[in-house]
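Put the two chains together into one complex, using the hints given.
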Amino acid sequence: MAYDKFITLRSQAVPLPIENVDTDQIIPARFLKAVERKGFGDNLFRDWRYDKNGQEKAGFPLNDKKYSGKILVGGKNFGSGSSREHAAWAIYDYGFRVVVSSFFADIFKNNALNNGLLPVVVTPMFLQDIFNEIEKDPQSEFEVNLEEQKFTIIATGKSIDFEINTYKKHCLANGLDDIDYLVAIKEDIEEFEKAR
Amino acid sequence: MESKTLFDKIWDAHVVKKVEDGPDVLYIDKHLIHEVTSPVAFLGLEKRGLKVFRPENTIATPDHNVPTIEQHLSIKDELSRTQVETLTSNCEKHGIRLYGLNHPWHGIVHVIGPELGITQPGMTMVCGDSHTSTHGAFGTVAFGIGTSEVEMVLASQCIMQPKPKKMKISVDGELKKGVTAKDIALYIISQISTSGGTGHFIEFAGSAITSLSMEGRMTLCNMSIECGARGGLIAPDETTFDYVKGREYAPKGEEWDKALAYWETLKTDDDAVFDTEFSFDAADIEPMITYGTNPGMGIGVTQYIPTGSGLEGSDKLTFENSLQYMGFKPGDKIGGHPIDYVFVGSCTNGRIEDLRAFADFIKGKKKAGNVTAWIVPGSKQVEKAAREEGLVEILEAAGFELRQPGCSACLAMNDDKIPEGKYAVATSNRNFEGRQGPGARTLLASPLTAAACAITGVITDPRKFLG
Ligand code: SF4
Chain A
2 MAYDKFITLR SQAVPLPIEN VDTDQIIPAR FLKAVERKGF GDNLFRDWRY DKNGQEKAGF
62 PLNDKKYSGK ILVGGKNFGS GSSREHAAWA IYDYGFRVVV SSFFADIFKN NALNNGLLPV
122 VVTPMFLQDI FNEIEKDPQS EFEVNLEEQK FTIIATGKSI DFEINTYKKH CLANGLDDID
182 YLVAIKEDIE EFEKAR
Chain B
3 MESKTLFDKI WDAHVVKKVE DGPDVLYIDK HLIHEVTSPV AFLGLEKRGL KVFRPENTIA
63 TPDHNVPTIE QHLSIKDELS RTQVETLTSN CEKHGIRLYG LNHPWHGIVH VIGPELGITQ
123 PGMTMVCGDS HTSTHGAFGT VAFGIGTSEV EMVLASQCIM QPKPKKMKIS VDGELKKGVT
183 AKDIALYIIS QISTSGGTGH FIEFAGSAIT SLSMEGRMTL CNMSIECGAR GGLIAPDETT
243 FDYVKGREYA PKGEEWDKAL AYWETLKTDD DAVFDTEFSF DAADIEPMIT YGTNPGMGIG
303 VTQYIPTGSG LEGSDKLTFE NSLQYMGFKP GDKIGGHPID YVFVGSCTNG RIEDLRAFAD
363 FIKGKKKAGN VTAWIVPGSK QVEKAAREEG LVEILEAAGF ELRQPGCSAC LAMNDDKIPE
423 GKYAVATSNR NFEGRQGPGA RTLLASPLTA AACAITGVIT DPRKFLG
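Protein sequences, first through last, are from chains A and B. Take 2 as the starting number for the first sequence in our numbering and just add one per residue. Take 3 as the starting number for the second sequence in our numbering and just add one per residue.
Next up, chain B with everything else stripped away, as it sits in the complex (with noise of 0.2 Å):
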């Protein structure tokens, strides 16, 4: 038999039929929606005179627009209200599961699939949402689509996608101290650059990877999407099969173990061949951060801002114009710059180990004067365990309160936005212009950097503080 890749095997059996000089028809188990790219999906089904195909296999919550204070109250924005309730309506009139605003199951998208059991090894999974390749932390083919997909997957359980190249991406030995999954996801962005991945679906592989968390291997999937990739996945293991029992959508008994058989054998063949490799060493890698206007600019916390010599023409044009935005200089030392907000959260870093990480960090110690800290919780479920295991607590202490669960600041598409010039030290995953707000200046790092940054006020190493 042909040797096949762990992308390959899902993908091959998730392949309803071949277009002759087309694409590939895909059949889709789970389908996650939101408020902001499903509506025009639910209008273009009923103009059409369409019903939802199988309504059992997609799940709603609404995580973009939604504020993260007050939630008890009715949403004051009138758009965001509308596309929230337009989702609530939408789904009671096709049947969709829907785990709205207070629901103990509300959350980000993507942080809920996870933590409900509904990402399953094995599976694919779409949303109309880019970090959809989050869920690949499972061994789980999953990506982002556009609205018109939405509307496929509605009507047919299907979309139609030419099958994309395949890469790995390993990374071997023993992770620094202070070093996380995200700065694993950043470090290889910046040396693959925001187009490394262009047309590939990533494979991660070497023993820095294996010895993640579930969590943070699904930090690190959620980042493939920044170096181009259209997604990223990890053969799952016992980490994997251990997170996944037990959870509400998970299978059980008898269905467990034939499950679980199957999910033993999705690894990559050995000589199975991918058509572009990488390899970095675990011990290069340093806490980072970026100082640009895109995910491939990052640095080592310690590092120096390059100088943008040997650039040329528009690469030279985006490098200056970016550091501009920024308002920094070639060649500075990134470490002390004084900054003004700290925002953790979001699908990269809302999860529970996100906040432990946080608030073991800042334990007995105070947020600095100058700064406006944003602590958002990616879910219900997560608020709920930090309030159990007295996180808020030791928040509080340090002058720091835990919001309410939401997308927030990540896209700025509620009232958590980032004033004009500011800086921002954020845990989530784009630092594109105006991302957080209009002139909001992004800087990408980790929950334990953004502690660090956090407690003192400027750009700091968290391992100052690690002893």
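Pulled out of the complex, with its shape left as it was, chain A reads as follows (with noise of 0.2 Å):
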């Protein structure tokens, strides 16, 4: 198994207001050297989060107490630019599960769906609406349910369907990544070599 198994989620959420996150903000590149795929959670935002010192830079939301949870709220076309697979596991391994913008990036998306991370899109007033409640209350907490494909703003109810196609949603819910999938159909692989 690649990963924790999706089940429905009930957390708080962090908000990232910001339109545009673009994969080298997420992860920058200098931290591309590693061999292992460990630490990468530590560098999550890291030029945004901490000073050349080190020091965390305050008002940042990863450095604001108030907001914890396994959601993560980005603003508008999160993911762009260079197709780092490490920006996906930066995400993951610094805890988040679910991303939710009203646009991502093509290749971010499939990298997080590789990864067991949930992208949800949303409609651009929702996430606004998301946004308000977080602001109102950082305690607030939102529900994923990745079966009937539903995202709920407890406090107040409202809900919106996410989009999500057959096989990754079975994915997503078993733990099992693209790799487990092909090893198991390694004997159609073996017929289509043979085949040829």
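Each statement offered as a hint is correct.
Facing chain A, from chain B, some residues (calculated, C-beta under 7 Å):
| hint | residue |
| --- | --- |
| 1 | V18 |
| 2 | K19 |
| 3 | V21 |
| 4 | D23 |
| 5 | G24 |
| 6 | Y29 |
| 7 | P41 |
| 8 | T84 |
| 9 | G148 |
| 10 | S150 |
| 11 | E153 |
| 12 | M154 |
| 13 | S158 |
| 14 | M162 |
Simulated from the structure, these hints should not be mistaken for lab results. Everything numeric in this text was worked out from a predicted model, so none of it was measured. Cβ atoms here follow ideal geometry from the backbone N, Cα and C, with glycine treated the same way.
Structure (structure tokens):
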């Protein structure tokens, strides 16, 4: 099993109301020299979180004690730029299981799904509702129901349906990734090789 | 039978299985790996207790991190050295062929693939590097993948991908003097923008494309990713077959005849439909240069930087930030602006024809005193050819030196970094903020334009010297 099974999640959320968050900001290039998938969570949003001397920058949501939870809520066009998968690793390793935005860059979305991180696309209006709710009450909780493909703001009861293809949904719910799937169809692959 | 595009023909022939309401399982013929995006994939494989499924179909070379001088010495940067050593030990452990530093076939992945005849028409090829699109020049479905996908290919020789849409870009007519494949690429991206190709796989066609050499075709397909496309390809023809024939991994004897018979069928059917089409006139293309911080911000070298009027909201802000980073003013003439560095190399323009074009141009001239130039061959074989053909003497007589192969200043993961605020005319493919080093200002251009800038020390139209 590649990552934890995704079961219905109820959690507080961390707001990041910034547009076009690119993967260079999520994880700067200088952290790509690792040979292990370790410590990426520590460097998530490195240059936004820490100053040049490694001191936490006040005001950045990840440094703000009043926010916590497994849901990251970002502005429009989240995950643009370089295709580095390290961006998805960093977010997952930090402890997030869901990223919510009104639009995701293609490759980031794929990378996230490949790593057990659920990207939830909501309407711009609903996204604003979420930001408003967190601003009103940082402790406010949200529910992500993968089975029903529903995202709910618990306090107001407002919910929205989100999309995910059947295959990816099955993978997430069972903690399986594409590699598990491919290994399981090894015989089909060998057949294909023979038939060529 | 249903009409198909060239892309359909290759893709469909490699689908092992279609997952309902999910991606295709696509069989991969050749897999290239390098030191940066492979170590975590090998670790993942080991954690699952898996072996490499078809080790003979993966080929490795370290290129992103390697120094371009004194390669016989141990790599100084510890992290880079560890990545390169990890690649070596992973290849040994899993029986994967490795062309390491100092091997006569070492080089940038996308340069050595074609050079060794690993890249052949009709194949599917992947590598954990977005410029894998280079190999599309051979009529190959080739594209970059993430590290999880590298692990998938190692584990099963397959990846899972939804099939992209199809786009055709035609360029017809004769290219003007001084206009190269790089200029076609920069021109197309400036016209359709860096997201114009999103979700698509491009087929390049038209007389201006088929008249390009194999190396020119590689330059063009290399840059297809910069307009947002998954990749780009060109139907194979005599030029392609002549290039592949006789190379190390190319089929030989009867195998060759069989392969050729198949390759000759690799064309888009007359009535096949593309999702999107563009066409351009070769006569409209000038030597190009970029002025901003994405490859779509390009203009003819004699033109003026756009004023940005008409842009609104976040587009306007992006444009202004970009010019501010570059230290340019809207509406300025780009020609004549002083430069500090020239970088000739990368998988876009680091092949022998590029070095020939550069050497030819600067022959008998002198490098400008204010310019630092890094001329980096794409591979050991390119380096060797440059020596044998006497290019090195020409370079040296003009005040240039040839370095050793690697990605170098294309992404500045090694020591070849452009200092903050300095202007670099580069033959590579990305001019993003900080791409060539923190604060570096990159201007993308062809080797010819780079040569003209190197000898004058300012942004210069190469045609001024071409008579
Ligand atoms: S030369 Fe540049 S684009 Fe090409 S493989 Fe190396 S880093 Fe990537």
